[in-house]
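**Student:** Work the whole structure out from these sequences, hints included.
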Amino acid sequence: MRVHRIRPDIGVLSDSLPVPGLGYLSVNAFVLLAAEPVVVDTGLGLPGRDFVTTLGSVLDPADVRWIWLTNPERDHTGGIYALLAAAPRARVVCTFGTAGYLSCERPLPVDRLHLLNPGQSLDVGDRTLTGFRPPLYDNPTTVAFFDDRSGACFSSDCFGGPMPTVDLAEAEDVSEVDAEDVEAAQLLWATVGSPWVVNTDPGRFLGTFQPIRDRNPGLILSAHLPPAPGVTTHMIDTLGAVAGTAPWVAPDQAALELMITEFDPEGDFEAEEDDVH
1 MRVHRIRPDI GVLSDSLPVP GLGYLSVNAF VLLAAEPVVV DTGLGLPGRD FVTTLGSVLD
61 PADVRWIWLT NPERDHTGGI YALLAAAPRA RVVCTFGTAG YLSCERPLPV DRLHLLNPGQ
121 SLDVGDRTLT GFRPPLYDNP TTVAFFDDRS GACFSSDCFG GPMPTVDLAE AEDVSEVDAE
181 DVEAAQLLWA TVGSPWVVNT DPGRFLGTFQ PIRDRNPGLI LSAHLPPAPG VTTHMIDTLG
241 AVAGTAPWVA PDQAALELMI TEFDPEGDFE AEEDDVH
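Numbering (the UniProt record's numbering), first residue to last: 1 to 277.
In case anyone wonders, no lab produced these hints; they're calculated from the structure. Where is the CB? At the ideal position from N, CA and C, for every residue including glycine. There could be a bad hint or two in this list.
To be verified - Listed next, with one range per pair, are the computed distances between beta-carbon atoms:
1) Thr128 to Val249: 40 to 46 Å
2) Asp50 to Pro109: 19 to 25 Å
3) Asp123 to Thr261: 51 to 57 Å
**Tutor:** See the structure below:
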């Protein structure tokens with residue numbers, strides 16, 4: 001994992017996953033250095049990822065007061081149980097649905113939960129974090145949030161997109177990527193991660209971006225895109241056009257066999273397989 005500061009009070013813990021046929025997907029977690037420090041998502045749960053040790057390069061895990069899980073998928077919750085052990089004062093901010101989802105694997109301790117729905121807020125000492133349902137999501141329990149002090153929007157999966165290389169997936173700023181490549185990646189990922197969007201009414205879908213337009217955040221922090229300062233309006237305009245477009249068609253067995261033959265036997269596909277096993 002790579003660690004950097006996108007703002008004096010915001011640390012980025014960036015990682016990535018190869019997605020055969022699509023590229024490399026950013027998998028970001030964040031640290032909000034508020035008066036009561038907040039960790040936003042907890043990275044991948046794959047072997048070799050020590051989330052707590054990486055977090056320790058930004059702040060002492062014991063100082064964490066809040067762990068905001070924007071959704072319960074494994075690319076957001078890989079380090080949650082290790083972090084709960086390392087941060088005894090921390091409480092998990094999530095929805096009732098997220099807590100239930102995680103209970104299928106290992107229940108979160110009920111006395112360390114802070115349930116929060118879209119539209120509700122959390123005071124973390126020197127700022128208020130306000131939850132909202134992002135326009136695009138792959139899990140119905142998703143809650144993104146706005147930080148009223150930094151002006152950042154922590155958007156969960158929304159605004160994500162696969163990048164052509166590992167270095168670009170883990171870049172410090174999305175401006176390092178060609179703008180047309182970013183647009184294409186976001187439109188692709190919208191139909192991959194939120195396939196329901198192609199069946200929505202374009203006008204109503206565009207209206208779901210209004211909370212973001214109203215806040216006009218200067219920084220978008222997506223779990224699946226390099227940090228994006230100063231391009232919020234442009235990205236809304238890009239994704240606002242995805243409703244009613246053609247659905248993404250996933251690879252079938254023939255395509256999988258072709259992918260396998262095209263990968264170097266010692267390259268990314270086999271390396272990722274080794275990681276899993």
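**Student:** If a hint holds in the structure, say so; if it doesn't, say that too.
**Tutor:** Tested hints:
| no. | hint | in the structure |
| --- | --- | --- |
| 1 | Thr128 to Val249: 40 to 46 Å | 43 Å, holds |
| 2 | Asp50 to Pro109: 19 to 25 Å | 22 Å, holds |
| 3 | Asp123 to Thr261: 51 to 57 Å | 55 Å, holds |
Hint violations for this structure: none, all hints satisfied.
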